[in-house]
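Given chain B, put chain A in place with the hints provided.
Number of protein chains: 2
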Amino acid sequence: MLNVHLVPHTHDDVGWLKTVDQYFYGDRNDIQHAGVQYILDSVVDQLIKNPDRRFIYVETGFFYRWWKQQSPSMQQTVKQLVNEGRLEFVNGGWCMSDEATTHYSAVIDQMTIGLRFLNETFGVCGRPRVAWHIDPFGHAREHASIFAQMGYDGFFFGRVDYQDRNRRRKAKEQELLWRASDSLTPPMADLFTGILPNGYNPPAGFCWDQLCSDDPIRDDPDLEDYNVDDVVQRFLRAAKSQALVYKTNHIIMTMGSDFQYENANLWYKNLDKLIRYVNAQQANGSNINVLYSTPSCYLQELHRANLTWSLKTDDFFPYADNSHNFWTGYFTSRPALKRYERISSSNLQSCNQLEVLGGPISRKGLFGQGDSETLRKAMAVAQHHDAVSGTEKQHVANDYAQRLAKGWQHCQVLVSNSLASLTGSSAERIYCDNLNVSVCPLTESSKKFSVSVYNPLGRTVTWPVRLPVNGTAYSVIDAQGNSVDSQVLPLSGATQEVRRNRGFAVNELVFQVQAPPLGYSTYSVSLLQDQPSPSFPQHGAPTVMQNKFLQVTFDPDTGLLTGLSNLETKQTVKLTQNFYWYNASDGNSPESQQTSGAYIFRPNSSTPFMVNSKAKVEHFQNTVVQEVRQWFAPWVSQVVRLYADSKAVELEWTVGPVPVNDGQGKEVITRLDTSIKTAELFYTDSNGREVLQRRKDFRPTWQLKQTEPIAGNYYPINSRAFIKDDVDQLTVVTDRSQGGGSIYNGSLEIMLHRRLLYDDYRGVGEALDEQSEIFPDGLVVRGRLLLSLERPAVAADTHRPLAQEVVSQPLLSFTDGGLSQNTALEFSGLQASLPPAVHLLTLSQWDEESVLLRLEHQFQSWESKVNSQPVKVNLQKLFSTLDVLGVSELNLSANQWKEEMSRFDWTPEKDEKPLLKTFEDPSVWEVTLRPMEIRTFLLRVTLK
Amino acid sequence: MLNVHLVPHTHDDVGWLKTVDQYFYGDRNDIQHAGVQYILDSVVDQLIKNPDRRFIYVETGFFYRWWKQQSPSMQQTVKQLVNEGRLEFVNGGWCMSDEATTHYSAVIDQMTIGLRFLNETFGVCGRPRVAWHIDPFGHAREHASIFAQMGYDGFFFGRVDYQDRNRRRKAKEQELLWRASDSLTPPMADLFTGILPNGYNPPAGFCWDQLCSDDPIRDDPDLEDYNVDDVVQRFLRAAKSQALVYKTNHIIMTMGSDFQYENANLWYKNLDKLIRYVNAQQANGSNINVLYSTPSCYLQELHRANLTWSLKTDDFFPYADNSHNFWTGYFTSRPALKRYERISSSNLQSCNQLEVLGGPISRKGLFGQGDSETLRKAMAVAQHHDAVSGTEKQHVANDYAQRLAKGWQHCQVLVSNSLASLTGSSAERIYCDNLNVSVCPLTESSKKFSVSVYNPLGRTVTWPVRLPVNGTAYSVIDAQGNSVDSQVLPLSGATQEVRRNRGFAVNELVFQVQAPPLGYSTYSVSLLQDQPSPSFPQHGAPTVMQNKFLQVTFDPDTGLLTGLSNLETKQTVKLTQNFYWYNASDGNSPESQQTSGAYIFRPNSSTPFMVNSKAKVEHFQNTVVQEVRQWFAPWVSQVVRLYADSKAVELEWTVGPVPVNDGQGKEVITRLDTSIKTAELFYTDSNGREVLQRRKDFRPTWQLKQTEPIAGNYYPINSRAFIKDDVDQLTVVTDRSQGGGSIYNGSLEIMLHRRLLYDDYRGVGEALDEQSEIFPDGLVVRGRLLLSLERPAVAADTHRPLAQEVVSQPLLSFTDGGLSQNTALEFSGLQASLPPAVHLLTLSQWDEESVLLRLEHQFQSWESKVNSQPVKVNLQKLFSTLDVLGVSELNLSANQWKEEMSRFDWTPEKDEKPLLKTFEDPSVWEVTLRPMEIRTFLLRVTLK
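Line by line, the protein sequences give chains B and A. Using the numbering used here, the final residue of the first sequence is 947, and nothing's skipped along the way. Using the numbering used here, the final residue of the second sequence is 947, and nothing's skipped along the way.
Bear in mind the hints are in silico, worked out from the structure with no lab data behind them. These numbers were taken from a predicted model, which means no experiment stands behind them. A hint or two may mislead.
Note that the list lumps identical chains together, so a pair holds whenever it fits in one copy or between two copies.
Derived DSS-like pairs: lysine-lysine, alpha-carbon spacing no greater than 25 Å straight-line [stated by the list, open to error]:
#	residue 1	residue 2
1	276	71
2	71	52
3	551	276
4	913	173
5	699	880
One chain only, chain B, in its complex shape (with noise of 0.2 Å):
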C-alpha cells in the first residue's frame, strides 16, 4: 500500500501585505483576503463535525490572539481536539521565523513565548514535535541546530533552490538528516528534514479552498458534470508520481496554503469525498489509501521505516526558484528596519535582565506600569520571514517598526523602575534613541547630566560613548569619581543632513565608558565654561592612523584606505575600500524578466558602478579618537575610526537617499579589496552562532550551474564574515544583517542599500522604494562595520566579543543635573565575570519565583585553543543579588525539561565520528558549556 498522508493546513504570516492585526481580523481584505480568526473558527467547527479530520497550526502569535477571545467552553472543545490529536501544533513558535536575516537570539525568545503559551494551555498534548518552516527563502544551518535543541523529532520546509531539488528528486534524497553543527555531539544538532513535495500548496488541481479554483468533486449524479471518476484518476496520478521521488511507501500532501482554511468546509468537505472514493476503489484493486494526517504521524511513519538517510552539514543558502531569480536580495532589504530590530533585541534582554535584577518593583514602580512582555512580542513578530526580512509592504514595516517602539517604550518605564530601584535614585531618567544621528534633547541643551551605562553581557566591555553637545569642553567624572578623557568634535555635514532638524547640536562628545557584568556604571558630565572650540578638522586624508592595536593607511590623494596593519601580531595586508552600486534589472533583459525586487537580486551587470574614485576628506585625531570622515558623494559618505583601545577599526557609512532620477535602481555595496589570498572561499556565520565556509560558484551538495555570478554567490550575514588566507584573517563585524559575497580573490562585498523601482513578482506587489516623513526623497541609512585583522588561529578571540558586544550594546539613560548624594553609581548582577567563552544569552523572569537562564558557549570546537574548551559554571555563584534555591535544566525553548527529552533517533547514510567527547557534569550545581553549546535553565530565586 501507498499512503498518502493528506495535511490540512494554513500558512498564516504574521504579517507581510497586512499588518499581523489586519491579518488576524481580517481587516484590508481589499489589500489581500485573509482573516485569521476566522480561520480558526471554522477549523475547529469542522473539526467537531468528523473525528477522521486533522488540523495542524503553526503560528501561535495568531492562535494566542484567537484564544484569549474564546469561551471557556470553547477553550475546552479545544483542548479536547487536541487532546484526541486532530489538531496538533506544529513549529508553535510565536511565527515562522525568518532564516537568512534573524539573529539565533531572538529566534530562540520567539519560539519560546510561543511554546510556552502551548505548554501552559495544553500540557504535553500541544508540545509540537515537528518544525515546519514550510516558507522562509532557503534555510540556515544554526535553524536547524536550535530546532534540533529544542527537541524536534524532524523539520520540514518548502523552498529549496531548484537545481538542489531536481538532484535531491531524482536521488530520493529529499528527505535527509541533516547535522546542524561542527560542534555539538551528534545526534545533538541532528535533524531529520523533509523537502515537501510541492512547495506547501496542494498537487495541482486538488485544492478546495475559498481561495482556489479547482474543480469541486460533484458527486450527485442528477446534477450536471458529475467528475468522481476524473477526480479519482487524477488523484491517483498524482499520487504514484510523488511517490517515485521518495523512499518510502509513505508520502505527504500539504493540503492548504497561505491564510487558507477561512471556510474551512470547503476544503474538508471535499477532502473526506475525496478520501471515500479514492479508498473505494481498493476493492478495485488501487494500493493507495489516503488517510487525514499530520506531519508528526507522517514523521512517525518515516522513523518505522528505520532507513538509513543522507547526511548533510551544509546549509540550504541562497534560494534560487531559477536560473535567473536568487532571493539574496531580501539579505538587506530594508536596512534600517534590519538595525531597528536588532537594536531592539539588545534592548529587550537589558528589559529582562533589569526586570529579574529590579525584582517586581520594575513592572510597577515609581515610573509607573512598564512590562518586558510587549517589546518581547513585538520582537517574537519581526522575526517573521516578512518581517527583518525586508519583505512586507511599507505600510507594515512601518507597523513592525512601530511595536518595537511601543515595546521599547513599556520596558523604559521598567528600566527606569529597575535602575531607580538599583541605584537609590528617583531622578527620572531619559533615554536617546536617536544617537545614531546625534540627536539628544537633554544632552543638545543640558549643561549638567549623567549617563548610565547598563552592560547587558556576563563580563566588563568598554564602549566609547559619542553624545551630541553644543559646548566646546566638558568634564566627565566616572563611577569610582576618576575625571575620564573626554574630547569634542564638531558634528559633520553628513550627520547634521541625517539627523533632518531632529537636533541642533554642532559637536559630539566622545569618551570610553566601562560597565560591569550585567551591570551599570554612571558617569557625570559638566559643561566646561569659557573653553577654546574644539579642534576643527585636518583637510585631506593623514596617511596613516594609529592607536596601539592598528594601523590605517589612508591614500592621501584619493582619500580611500590603503592599508591595515596589526601591529601585536605584526601584520600587514593591503586594503582598499570604495562604495559601488549595481543596477538594478528592471526585467527587460532577454534571459529573463526578473527585476530586482524586495525578495530578489539581479544586478543587471556584473560590474558594479563606482561611487566615486576619490572621497573628499578631512581628519581628526585627539586622545579618544582618530577619525577620516569621506564624501563619495551627496548620497555616500563614511567616516574611518580608530578609538584608542580598540581592536577593530569602524567604517560608519550613511547611504541615501539615493538618488534614482536615473530610472535606474540602485543595490549600493561597499568592497574591501585585499591582498588576503582567499582561494575563492570566505566566510559567513548562520544567524549570528557558526560560521560556513562558502566557496565562489559551488554548493557542496550538487553540482551547481551558475547562471548569476553575482547573486548566486551572495550570502546572508548576520553578524560576521570572513576572508582568510594562511597568515591573514579580515573579519568584518555588520551590526545588523546584510547580504555579502567574495566575488573576487582577496575582496569581500556587503550590500548596505538597497532601492528599487519594480515589484520583483514574490507576491509583495511593492517595488522596495522605501521613504518616509522624514525622509520623504528616500531613505538614509547610517550603520557601521567593524574591521579586524588577525591570524587566523586566533581571529575567534576577537571577532566573538567584538560582534557580542554589537550585538548585546549598552543601554544609555541620562538624567538632567547632578546627581543626589546616595545614588549607586555602580552595580553587577554578577558576583564575577564570566569566562570570555561563556555569553549569557537570557536572563528572564518566568514566574514569581523563577527565572529562566540560557548559557551559551560562543565558540566554536575549532576556533580557539583558549576558548574553543569546555567551561565550567556554577549557578549558585552566578549572581550577586539573586540567591539561587534550585535549578532545573530544559531544552533549549524552555518547554521540556531536558531530562524527558527524547527524539527520534535517525541513521545517516555514512556516519561520522562523534566530534567531541561527552564530559559528565560534576556536580547539580556546576554546569559544562562546550562548545556552541546552550544550556537553558529554570532557577528558583530570591532576591537577597
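What follows is chain A alone, placed relative to chain B:
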C-alpha cells in the same frame, strides 16, 4: 425607539455567470466565487451557534439540491431551525423569476414546485409569507397580482427607477400598496410592496462577507486598530439617515448580497458584535435598537403600525438606474432562447396533460421511463432573472437550453407512452423540433406517414401545418377519413440558408389541421406520384392579398406593406412595415459611457437605419395560403402570410447573422407605421395577462424627465401589444417576449434581435454577440408576429384566443408508414370545449391519486362585452376519461387551502370602490370564474 431589522440573506442566482449547478457546487470559481452548497452548510452551522441569529433563504431550486444531500440528522436540525423561525424561507419559488420576459403560466409553475417542496418538507412553518424580488430589473404588475393570489402578505424588491426612488424617498412612499389588477376584486390582487433601502446590499461600510472588504469590528483593546466606537457611530448615522425616508419607527437593512454567507461566521460574528455594541449605547441614551430579523417580522411591524399607504396601479417598467441607463435591452436579448423557453412551456403543458390523461403508464410504458419533472425543473430554472431574460453568459445560456432539451427528451418518452395508450398504437413516434427551419428527416424522405396534432387548449383549435418535403403533391386524410386540402410550395432561399445543412427538403407541404380540446387528431399523409411541380413563385409583389377576413395591400414598387383591412368590419388602415436597426452605443459619448449590452438598450441616435427602402419580393397564392416573400438584405427577410381561414396576418421574420464587421453593434427592429391616431398611447401586456396602457415620455406616478427618447419609451411585450384609436385597433401578437415602443403617432416598433460588441457594465462581462456551432458567423433568429385589425371594443375577442394559440401551440408527433387499423385517430380529454373566456391553465399530476387543475378567466373586466363576464364551469362534468371524486380549492401556488388563506389587510391612502361584486358559487362542483381570475383546484380523480 427606532428598531433596525437586520436581515441576513444571500442572493443566489440560479445561473448567471456560471450555470446553476456550477453555482451550487462552487465550480468555476475562476469566473465568480460562489458555491451555494457551502452557503447552506455554513449558515446552518452558524444559526445553531446563537439562537438570536436569523437567516432567510429564497431559491428553492438550490435549497432542494442541498437538502437531498443532507443526512437525516442534519435534516432534523434544519427542520428545528425552521420551526423556531431562525431559518425562514421567503419567496420560495424554484428561482427568483424575471419579471419582464416571463409568461405568467411558467412563473406560476416555478413558484408552485418551489413552494410545494417547502410545504411537503417543512409544513406550515416553511411557507413563505413574503415575496422577495430583490434583483429583477423592473417589476411587472402581473407578478404582484400573482403573488397576492399566492397568499403573500407583502413583497420587497431592490431595483426601482432612480427618479421614482428619489420622489418616493422624499414622499416616504418607498412602501406602498400595489393594486395589481384592474379586474380582480380588491384586495384579491392588492400587495403591500416595499422598496428596500440599499438595493439588497447592506448600508455602505457594513458588509462583512468574505466577498467584501469593509472593516471588521476590532474589539480587542490589546490589538491595533480598535474600532468599536467608530463602527457604532457610523451605524447610528446610517440608521438615522435611513429612518428619514421611511414611514414607521421600524427600518430594514439587508445584510448580505450575491452569493454571500459562504462563510457565514464572518457576517454573524461581526453582526453579533454590532448588535451588542450598538444596543449598549441605549444606556447612554441612544434610541436605536438593532435586532436580527426577517422580512416577515419587519412586515408584521409595518402592519401593526396601522397606517395608510399610497396606492399604485401601474407597474415599475422600464427600470433606469441613471439618466442614460435604461434596462430595456434585455426585453429582447437572446431572442432564440426566449422563443425556446416559450415552446418548452407549451410542450410542458402538453406533457403534463398527457401524463394525467394517459395515466401511470405514461411514466413507465412502451417507450421506457418518461417524466415531466425534468422539463418542469428546467422550465423553473429558465424563469430566473438571468435566464429567459438573456442576461447570462453564453455558456450559461447554452446550459439553460440544454436543460430544456433534456427535459423535452424525458417528456417525449412520456408523451409517446401516453399517446400509445390513448391511440392503442405501438408505432414509434418521431418529434421534429426544427420545423421552424423546415427540417424533419421523416417528412423529408417518407412517402407515407401520419402526424398527430395534440391540442393542449380547452377548446377545439385549427392551425396551419407546414412540413418539409421533397415530393410535389401529397394526399392528406383527416381522422374522419376526409381528404384535406393541401398545397406544396417551394422552400424559400432564406429558409434553405437558415437551416444550415440540417435538412434537404426543397418543398413545403401546407395544410390546416384541427384538434379537439385537450386531445389529438391524426392526419395521414401520402406522397402522390407523377404530379406536376408545385407552382413557381410570381416575381414582384401583388398589390393585394386577401381572404374572407382580411385584405393586405402592398406597394408593387417597394414590395412593402401599404395597408390592412378587416373585410368583416370594413375597417382599413394605412400600414407600412419595414426593418431598421439602431446603432448601439459603444460608450464614446460625452453624456455617458454607457454601452448597449445584454441589459441596457442605448442607441447612439434616436433615428434608426433602414435596412432597405425596398424589398426583393416573390409571392405565391393557393387555396391554403398566400405568401409574399420579402428579401431586404442577406440578413433580413420576411414572409407575409395569409392563411385561408385566418383572422390574422402572419409576418415571419428572419434576422441574422447581423453584420458587425463595420464595428457597430446593431439592435434590429421592425416598425409598423399606421394611420391610427394613437395620441402617444400604446398598450402592452404584463407577463402575458392583463394589458397596461403606456404613454410616451410619461410615467403615471412621477414627473418623468425623459433622457433617452427611444430606450426610455420601451416596454416589455410578452404576448401582445396594440395601438388604437376610437375606431381601429391593430394588435400584434408575438411568439416570445420582446421589447417595443411607440415612438411616433400611429407607430409600433418591436425589437427582434440584438448583436452587440461591448459589455454594458452590469456584471455579465460579455458582449451580447451570440454565435453557435451552427451559426459561427452570428446567430440567425426567426419568429412570427400576428397582426389583427379590429374595432377596439371587440379586439380582445380576437387577440385573446389568438395569443392563447401561440402560447399553447399544438404538439406534433409523427409515425412513419401507415397506421394500424385499431388506432384511435382522435381523442379529447374534455367532455366539451370550455367557454371562450376560460383557459385551462394547468392540468398536471399532483400525486398518485390527484391532479392539479387551474382554470383561468382570460379576459379583463373591460375588454369584451361578450367575454368579460363571469363564467361557470362544472368540474365534475369537465373530463371525458376522468372521474372527479373530490375537489378542494387552493391558493394560486397550491401550497395552502383557499379557505385557510388569510392575508394581512392594508389600507390604501385613497381607497377605490371594488370593481366587481362578489358572486357566490351556487354549488361545490360548479365554479365561477370572473375576469382575470385563476382558480386552482386539487382534484381527486380516477380513470373512468
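Return the numbers of the hints above that this structure violates; sort them in rising order. 3 and 5
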